[in-house]
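Undergrad: Heads up: the sequence lines are chains B and Y, in that order.
Each residue of the first sequence is one higher than the one before, counting from 10 in the numbering used here.
Each residue of the second sequence is one higher than the one before, counting from 4 in the numbering used here.
None of these hints come from the bench; they were simulated from the model.
Heads up, the beta-carbon is just placed ideally off N, CA and C, and yes, glycines get one too.
Among these hints, one or two may not hold up.
[To be verified] Part of the chain Y face toward chain B, derived, beta carbon under 10 angstroms: (1) T54; (2) Q56; (3) P61; (4) F433; (5) M547.
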Amino acid sequence: MIIGILITLFFLAGIYFVAVLERWSLSGTMQWSSPVRSLLRLFIQEEIKPRKHDSIFFEAAPVFFIAVILLTISILPFGEGLVLIDLGTGALFINAALVYVMVCLLMAGWSVNGVYGMIGGWRALAQLIAYSMTVVMVLTATVMRAESMFLPDIIESQQSLWNILYQPIGFILFYLSAMAIAFLPPFDLPTAESELAGGVWADFTGIRKLLFRLGRLALILTLSVAVVVLYMGGWLGPWLPGYVWIFLKTLLVAASFFAVGRFVPRIRQDHLLEYHWKFGIPLALFNIFLVGGLLII
Amino acid sequence: MEEKMTYGARQGSMTFLRKQLAKVISKELRIFPVPGASLLRYYHTEALPDTIQLVATPKEADVLLVMGNLSGAMAERAAYTYAQMARPRVLVMAGPDRIEPLYPPDVHTELKPDFLPGIISEIRGCLNSAAWREYTQPFEPEQLLEKIKEAEQDQGHMHHHHDHGEHGGHDHSAHQHGHGDHGGHDHDHSHKHDHGSHSGHDHPHDHQHGDHGGHDHSAHQHGHGDHGGHEGHDHSAHQHGHGDHGGHDHNHGHKHEHGSHSGHDHPHDHQHGDHDAQAHNHEHHNHEEHEGHDHSAHDHGSHGSHDHSGHKHGESRHPHDHHKEHDHDEHCHDDSHQQAGGRSAHESEADHSHEHDHHQDHGGHDGNDHNHGHDPAGHQHDHSGHNHNHAHGGHDHSGHGSGFMSMIAMTKDLPLSPDGLPMEWSDVQFGPFHPGLPGGLRLAMKLDGDTVAEAKAESDFSPLSLPTSVRNNPLLLPDFLEKMNPMAAVSYRLLAQKALENYSGNTAGARLTAVEAAALEKERIVSHLSWLADFALLLGSNWMRDQAIRHFYKFRNNTGDEKALLKFTDRIKNIPYLKIKLSAAGSPVEHDEEHRHHHNHGGHVGHDHSEHQHGHGDHRGHDHNHGHDHSEHKHENHSSHGHNYGDHDHEEYENHEGHDHTGHKHDHDSHGGHDHHAGHDHGDNEHHHEEHQHGKSHQSRSGHSAHEPESGDHEHHGGHESHDHSGERVSEPQNLKLEDFSGPVTRAAGFSKDLRTEEAVYREGGWKPVTTDGNNAWSRLLVRLGEIEQSLRFIAHAETVTGEEASPDVSIPATGMGNGSASIESPRGELILKFHIHEGKLAHLKLASSSAAMAALVNPMTKQMELADALTAVSSMDILPQELNY
Numbered sequence: 010m011i012i013g014i015l016i017t018l019f020f021l022a023g024i025y026f027v028a029v030l031e032r033w034s035l036s037g038t039m040q041w042s043s044p045v046r047s048l049l050r051l052f053i054q055e056e057i058k059p060r061k062h063d064s065i066f067f068e069a070a071p072v073f074f075i076a077v078i079l080l081t082i083s084i085l086p087f088g089e090g091l092v093l094i095d096l097g098t099g100a101l102f103i104n105a106a107l108v109y110v111m112v113c114l115l116m117a118g119w120s121v122n123g124v125y126g127m128i129g130g131w132r133a134l135a136q137l138i139a140y141s142m143t144v145v146m147v148l149t150a151t152v153m154r155a156e157s158m159f160l161p162d163i164i165e166s167q168q169s170l171w172n173i174l175y176q177p178i179g180f181i182l183f184y185l186s187a188m189a190i191a192f193l194p195p196f197d198l199p200t201a202e203s204e205l206a207g208g209v210w211a212d213f214t215g216i217r218k219l220l221f222r223l224g225r226l227a228l229i230l231t232l233s234v235a236v237v238v239l240y241m242g243g244w245l246g247p248w249l250p251g252y253v254w255i256f257l258k259t260l261l262v263a264a265s266f267f268a269v270g271r272f273v274p275r276i277r278q279d280h281l282l283e284y285h286w287k288f289g290i291p292l293a294l295f296n297i298f299l300v301g302g303l304l305i306i
Numbered sequence: 004m005e006e007k008m009t010y011g012a013r014q015g016s017m018t019f020l021r022k023q024l025a026k027v028i029s030k031e032l033r034i035f036p037v038p039g040a041s042l043l044r045y046y047h048t049e050a051l052p053d054t055i056q057l058v059a060t061p062k063e064a065d066v067l068l069v070m071g072n073l074s075g076a077m078a079e080r081a082a083y084t085y086a087q088m089a090r091p092r093v094l095v096m097a098g099p100d101r102i103e104p105l106y107p108p109d110v111h112t113e114l115k116p117d118f119l120p121g122i123i124s125e126i127r128g129c130l131n132s133a134a135w136r137e138y139t140q141p142f143e144p145e146q147l148l149e150k151i152k153e154a155e156q157d158q159g160h161m162h163h164h165h166d167h168g169e170h171g172g173h174d175h176s177a178h179q180h181g182h183g184d185h186g187g188h189d190h191d192h193s194h195k196h197d198h199g200s201h202s203g204h205d206h207p208h209d210h211q212h213g214d215h216g217g218h219d220h221s222a223h224q225h226g227h228g229d230h231g232g233h234e235g236h237d238h239s240a241h242q243h244g245h246g247d248h249g250g251h252d253h254n255h256g257h258k259h260e261h262g263s264h265s266g267h268d269h270p271h272d273h274q275h276g277d278h279d280a281q282a283h284n285h286e287h288h289n290h291e292e293h294e295g296h297d298h299s300a301h302d303h304g305s306h307g308s309h310d311h312s313g314h315k316h317g318e319s320r321h322p323h324d325h326h327k328e329h330d331h332d333e334h335c336h337d338d339s340h341q342q343a344g345g346r347s348a349h350e351s352e353a354d355h356s357h358e359h360d361h362h363q364d365h366g367g368h369d370g371n372d373h374n375h376g377h378d379p380a381g382h383q384h385d386h387s388g389h390n391h392n393h394a395h396g397g398h399d400h401s402g403h404g405s406g407f408m409s410m411i412a413m414t415k416d417l418p419l420s421p422d423g424l425p426m427e428w429s430d431v432q433f434g435p436f437h438p439g440l441p442g443g444l445r446l447a448m449k450l451d452g453d454t455v456a457e458a459k460a461e462s463d464f465s466p467l468s469l470p471t472s473v474r475n476n477p478l479l480l481p482d483f484l485e486k487m488n489p490m491a492a493v494s495y496r497l498l499a500q501k502a503l504e505n506y507s508g509n510t511a512g513a514r515l516t517a518v519e520a521a522a523l524e525k526e527r528i529v530s531h532l533s534w535l536a537d538f539a540l541l542l543g544s545n546w547m548r549d550q551a552i553r554h555f556y557k558f559r560n561n562t563g564d565e566k567a568l569l570k571f572t573d574r575i576k577n578i579p580y581l582k583i584k585l586s587a588a589g590s591p592v593e594h595d596e597e598h599r600h601h602h603n604h605g606g607h608v609g610h611d612h613s614e615h616q617h618g619h620g621d622h623r624g625h626d627h628n629h630g631h632d633h634s635e636h637k638h639e640n641h642s643s644h645g646h647n648y649g650d651h652d653h654e655e656y657e658n659h660e661g662h663d664h665t666g667h668k669h670d671h672d673s674h675g676g677h678d679h680h681a682g683h684d685h686g687d688n689e690h691h692h693e694e695h696q697h698g699k700s701h702q703s704r705s706g707h708s709a710h711e712p713e714s715g716d717h718e719h720h721g722g723h724e725s726h727d728h729s730g731e732r733v734s735e736p737q738n739l740k741l742e743d744f745s746g747p748v749t750r751a752a753g754f755s756k757d758l759r760t761e762e763a764v765y766r767e768g769g770w771k772p773v774t775t776d777g778n779n780a781w782s783r784l785l786v787r788l789g790e791i792e793q794s795l796r797f798i799a800h801a802e803t804v805t806g807e808e809a810s811p812d813v814s815i816p817a818t819g820m821g822n823g824s825a826s827i828e829s830p831r832g833e834l835i836l837k838f839h840i841h842e843g844k845l846a847h848l849k850l851a852s853s854s855a856a857m858a859a860l861v862n863p864m865t866k867q868m869e870l871a872d873a874l875t876a877v878s879s880m881d882i883l884p885q886e887l888n889y
């Protein structure tokens, strides 16, 4: 019970800070009250349904989206022993669950019966298929080192050296793939405001949009936690309690996500795919061989 | 306040909780500016506070801010935008207090500098007190209801086509998403009625197939594809003889694309599917190897109205009621099949506006009892009475029962992508309020997936109209032009001043002084920074946007930090990935390549390209050995003619026989020494090439002189002699090329044309234009950044120059008459003003700008680009939409 409450508190606090950081990435200023106002604004906003929308997908996509993220966050440890479900296949489950983000985005894009949503959906599909491949391959290398798919075991395997240093190629690939999966700038092709005016969720308003917004923030938080757990030693750190370390590291990773997105222009769709398939996959394979070699040595 | 928010509030009582919620959200206003954020920026001397956000989509906005007088088209789109906003929403107007069809605003203010901060509290007050109201009204102007009605009429048909109008303003109200069931019918017509921007169109979109009750049309495919070896087609009497469609599938695949085709050139847009006896796909693609094709008067431009009344689908009159409602009078498509006797007998007595893509693969028609009504041996062009007796001995519908989703059947009617795959195309309109494009610019695009198949840039601003006060007193012209163009105020003021000085005979005064040049350069810096802010937004670099806006305001207020600006420009050049991203965007498709696509007529015999527009640019030093017989449409045995159009690759014109180019629009730009006489017999056709009328003051690069730019497309015809293009449409702006005008876009392509080189004040300072090679979005960025740096240096230099500080006074005598003209290199390129004054009054005025030329280049610069690249390309051009309607 207490674990549940603590995790919920961490989760909500994390969402809030990620929202503040997101606002900073857009405006360059820290606006601490902005997330609350944005939430309330969407809460009272009128719900508009596009003409001839696909009602099942339209209603299901936002709920499904946030549900998928919550599933993922439930298996991630927020501290030593602070995990809702310590899943035996936790490492694999991260990728398995996040694949459904792609499904949700495609559903959302399709449901509004508009070309911008549809293009956003296509983009999401191509993008997430590509980068999910990389994620599962670099996850393999972390699992190899830990000889376990339990996420706490992966953290413990980094006692001597964090994976960010042990397998830097894997870290870079996972970091970039995480940004792509969360469609963060410069990988925000499915939603690109200045191109598609919101893309997959351009036509959602009110509570549905709120669910998407919250889901997106939770997704960023989830992937930041995943980066910390898999590559930055999780709760490992001196002086401070483990959960504080995870929280601080998570915020650092999230801030770095937004900092990159604030400066680097949006990647082209063809480059996004080309770089992944031509370089990402071979590098991920190389990373597996490299880690395997290091483990043998 | 009581009467406010009637159309913007949510229905309900304003409880205590709601009031508190409204108060909280009103502290952060999200504004959707119309026509655009850049105009709002120019009306303010300081950056907007953090509590005001400019949003990219109306669905994110609380406030619709309308600035200035909008044209009818733009006002209508603003109304759609407002209708798409979620309540609570506030309508604010700066300038006029009422713009139809928008209702009276909740907040109104005068359009003056720094107007927004003064009304923020009033906007918040609207939300605080009336976010919910007991009595609200729907926002339903007549135009909106009509759009909705139009869209509803589409329901029930699988149009396979999306017509998404007015993005940015997100007008989805008239989308053609006919996904509804059709009462047991399966009318997969694939009729693509793209009615974008056709004001005079009468396109109800309603394929009202009366009396189809209980019919299954699932397998009736009118396949006219792959007509190899057609000879002497007459498409002028297209008869789709599909009477009694019991159990048929009307998968016609007709693409009635009437969107934004003014001045369009659709020479080869038929896709004729297989003419086998079982599947009639009325998809007019790919007329390769046609012989005797009559495309006379094939002109898709300016479809004021369409008349499909004669379009008979069926032996016993297919009850396509909608064809009676179409009004295609001005379309000239003699591309219809008359296929009497067979089930695919088309009859299209009236002129259609079908888009017939790529005439290819029509081999094999002979022998199917095709009485084409012509003499194949003689290859004559009279295609009247062309009968396609295909003898389709019954339709085999067995393969297309309901529920079977055959990819072949599904994609049968779809247009072909360049890679040969049939793809569903979407008509999309970006703008006039799209966040990534200049406000007021509407980009109509045909998307093949997310690749641009076709694009056209148009302005929704009203045409330039001089008020009587300015007409009567030309001295008011500088003030008028300055106010009319707040985003290039200094340029327009100087332009008018210089033209007036020119009129008054003060030729020395018509040159820029150092002070004026410095003011112009300051405007250039500010303008480039404003462009950079919008460009950065499109690119997704918020840092670049914020920095550009910060410097914009500083330099506007004369508090700019030169070092900081130079550091900023240097950092931009070093942003990771930016060069890679931009280098691929915005390079124009070669004209000849475009041309090649339109001339894929291998094996045509007796082709009539009447009214086709052949835009032949860059024909320097080539012969036009057409070998055509242009006499009275009689094209006999021209089997060996060859189109040597110089730079144009006409090699795919193989085996054309008997072409008729009546009314052909040969837009011969930049012909350096043509020989139009070898092999031509112009006979009685209006294809005379005598007495080449090129107008005046030709700005020639090769040969011609005294050619006036506005005379049209016949600039740069080195070596033309005695051409007469009267009767031909020679003044198409589509044929303009980069070297025809000046500006950063031109200079980014390596051309050094810049009107500043003609100004003594620049020459004295050793000034030279900034140029780069590349002709892409990256090179345009570099040129503008270079010009910012150069302008900073020039301003510093101008401050050291002594001499006349300002232009002399100008007086306009009340009697007499004369002309005045001036040209100036504005931040976007050249501006040219010419006027005639008669007895002290402006009798005639003409403005020309680079923006119009750049808009004409949008299509070649975006063709086959991914959507994001296309938007980047257009944004990189910095088109000022107001300048398109001069």
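Undergrad: Which earlier hints turn out false for this structure, listed by number in ascending order?
TA: As far as the earlier hints go, not one is violated by this structure.
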